[in-house]
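Enquirer: Each chain, letter by letter, is given below.
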Amino acid sequence: MTTPKVDLKNKWLAAVLAFLIPGFGHVYQRRRFKAVIYFTCVLGMFLTGMTLGEWKVVYWRWEPGGHRTFGYLAQVLVGLPALPARFQALRYTAPPLDGFDIERRLRLDTIKGSDVDSDLDLPFTGRFRYRPDPDSFAPEAGDDFPNEPIINVTGRIRWQREDGLFTGSFEGNTEDGKPIKLAIAGQPTVSPRVFAHGEITPTMLRAEDATPVRQFSNSLRYVHCDVEDGPRIGEIEGTVERTLMDWFQSPLEDKALEEIHGRLGRRYALAEVITWIAGLLNLLAIWDAFEGPAYGYGDEEETVEEDSVDRR
Amino acid sequence: MDAHSTWYLLPLAIVISLVYSASRYELPSKILTRAGRMFLTIMIFMGIVFVVLDTLSFWL
Numbered sequence: 001m002t003t004p005k006v007d008l009k010n011k012w013l014a015a016v017l018a019f020l021i022p023g024f025g026h027v028y029q030r031r032r033f034k035a036v037i038y039f040t041c042v043l044g045m046f047l048t049g050m051t052l053g054e055w056k057v058v059y060w061r062w063e064p065g066g067h068r069t070f071g072y073l074a075q076v077l078v079g080l081p082a083l084p085a086r087f088q089a090l091r092y093t094a095p096p097l098d099g100f101d102i103e104r105r106l107r108l109d110t111i112k113g114s115d116v117d118s119d120l121d122l123p124f125t126g127r128f129r130y131r132p133d134p135d136s137f138a139p140e141a142g143d144d145f146p147n148e149p150i151i152n153v154t155g156r157i158r159w160q161r162e163d164g165l166f167t168g169s170f171e172g173n174t175e176d177g178k179p180i181k182l183a184i185a186g187q188p189t190v191s192p193r194v195f196a197h198g199e200i201t202p203t204m205l206r207a208e209d210a211t212p213v214r215q216f217s218n219s220l221r222y223v224h225c226d227v228e229d230g231p232r233i234g235e236i237e238g239t240v241e242r243t244l245m246d247w248f249q250s251p252l253e254d255k256a257l258e259e260i261h262g263r264l265g266r267r268y269a270l271a272e273v274i275t276w277i278a279g280l281l282n283l284l285a286i287w288d289a290f291e292g293p294a295y296g297y298g299d300e301e302e303t304v305e306e307d308s309v310d311r312r
Numbered sequence: 001m002d003a004h005s006t007w008y009l010l011p012l013a014i015v016i017s018l019v020y021s022a023s024r025y026e027l028p029s030k031i032l033t034r035a036g037r038m039f040l041t042i043m044i045f046m047g048i049v050f051v052v053l054d055t056l057s058f059w060l
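If you read the sequences in order, they're chains A and B. Count the first sequence with the numbering used here and you get residues 1 to 312, in order. Count the second sequence with the numbering used here and you get residues 1 to 60, in order.
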């Protein structure tokens with residue numbers, strides 16, 4: 001209720017400020033004690049939930065008949081700290097290729113996603129292997145081509161697409177320090193740019209006896225492409241960096257959610273609930289900034305007692 | 001994690017009590033008093049629920 005003892009100033013502006021940053025509406029109204037309570041409690045709770053859920057509990061997905069993040073409707077009440085999710089959802093569904101829509105994106109396997117960047121120029125870490133050389137094949141050695149060794153490489157990978165064709169190169173060094181330069185051949189495979197918790201498990205270049213361990217990452221993108229080194233052909237597989245702006249609050253796909261739920265278990269559910277509560281609590285703060293304290297200033301009971309004493 | 005997740009109730013109850021009371025009153029002393037009372041109410045209620053459920057699960 002509105003009490004004359006509280007100067008709400010422009011209550012619409014205060015409500016908007018209280019929505020954008022918890023407590024800021026009250027700072028504007030010079031109600032500093034409450035501003036500290038709202039800012040500390042709401043943001044503290046929101047950040048606690050985000051940390052518990054490895055910063056992947058706030059995202060926006062709204063597919064008709066499919067996954068819908070109803071919880072975001074509560075989280076977004078925290079304001080600016082949760083608003084990037086809506087923006088990231090738009091970037092996530094923005095088509096790098098013509099006619100690319102969210103249904104198609106969700107059907108795609110993360111690793112084999114075909115929304116390849118038209119231009120890419122990033123540091124690369126991974127592995128390289130020549131394909132078997134037919135000229136050196138000795139029939140008496142057996143029916144199969146011998147496997148070439150897998151070489152760890154670091155360097156820079158770049159490509160561009162013109163008229164549907166990819167051209168580019170990888171330049172770097174092997175683990176022995178030898179320089180290596182390879183030309184991109186064919187269309188690379190790369191996991192999407194705006195993405196969170198994508199799988200980066202090596203699938204092509206893995207030692208025969210290596211135990212496959214699924215790896216997921218926010219800050220790395222999986223890359224695989226065929227390469228040429230003069231007359232010889234080979235393939236490279238590895239990762240390039242993904243910036244914070246490209247993964248923070250990006251939509252999580254089903255495979256990522258399965259991995260997180262499997263690993264974090266109830267902790268992820270608790271993290272979600274904590275962020276929901278934070279948003280719902282800020283709704284109280286927004287209403288307080290707009291309409292004032294619900295039960296009054298807080299000295300009403302004492303006033304009534306004083307009145308009754310005066311009457312006697 | 002699972003064994004200790006119940007402890008998150010403490011900060012959760014404190015935060016909920018503070019924010020709820022802050023949205024009801026304006027005076028800092030009143031807010032803190034009501035928040036303290038609400039926190040105790042929540043803890044007692046949850047304690048009773050815990051004891052009841054723990055007792056019921058004794059025979060499981």
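No lab work stands behind these hints: they were computed from the structure. Hints should not be assumed to be uniformly reliable.
So the derived list for chain B, only partly shown, Cβ under 10 Å to chain A, looks like this [what the hints assert, rightly or not]:
| no. | residue |
| --- | --- |
| 1 | Val19 |
| 2 | Pro28 |
| 3 | Arg34 |
| 4 | Leu53 |
| 5 | Thr55 |
| 6 | Leu56 |
| 7 | Ser57 |
| 8 | Phe58 |
| 9 | Leu60 |
Partner residues aside, some chain B positions facing chain A, computed with beta carbon under 8 Å [as the list claims (entries may be wrong)]:
| no. | residue |
| --- | --- |
| 10 | Thr6 |
| 11 | Tyr8 |
| 12 | Leu9 |
| 13 | Ala13 |
| 14 | Leu27 |
Even glycine gets a Cβ: it sits at the ideal position worked out from N, Cα and C.
Enquirer: For each hint, tell me whether it holds in the structure or not.
Expert: Here is how each hint holds up against the structure:
1. At a threshold of 10 Å, the smallest CB-CB gap from Val19/B to chain A is about 4 Å, leaving the interface hint in force.
2. For the restraint placing Pro28/B at the interface with chain A, the shortest Cβ-Cβ distance is roughly 5 Å, inside the 10 Å limit, so the hint holds.
3. Against a cut-off of 10 Å between C-beta atoms, the interface hint on Arg34/B holds, since the closest Cβ of chain A lies about 8 Å away.
4. Nearest Cβ of chain A to the Cβ of Leu53/B: about 17 Å, over the 10 Å cut. The hint is violated.
5. Because the beta carbon of Thr55/B sits about 23 Å from the nearest beta carbon in chain A, more than 10 Å, this interface hint is broken.
6. Interface restraint check: Leu56/B against chain A, minimum CB-CB distance 21 Å, threshold 10 Å, status violated.
7. The beta carbon of Ser57/B is not positioned within 10 Å of any beta carbon in chain A (closest approach about 18 Å), and the interface hint is therefore violated.
8. Because the smallest distance between the Cβ of Phe58/B and any Cβ of chain A comes to about 23 Å, over 10 Å, the interface hint for this residue is violated.
9. Hint on Leu60/B is violated. Least Cβ distance to chain A is approximately 20 Å, over the 10 Å limit.
10. With 8 Å as the threshold, the beta carbon of Thr6/B stays out of range of chain A, its nearest partner Cβ sitting at about 10 Å, so the hint is violated.
11. Here the hint on Tyr8/B is kept, as its CB sits about 6 Å from the closest CB of chain A, short of 8 Å.
12. Interface restraint check: Leu9/B against chain A, minimum CB-CB distance 11 Å, threshold 8 Å, status violated.
13. Because the smallest distance between the Cβ of Ala13/B and any Cβ of chain A comes to about 11 Å, over 8 Å, the interface hint for this residue is violated.
14. Taking 8 Å as the C-beta contact cut-off toward chain A, the hint placing Leu27/B at the interface holds, the least distance being around 3 Å.
Violated hints for the displayed structure, listed by number in ascending order: 4, 5, 6, 7, 8, 9, 10, 12 and 13.
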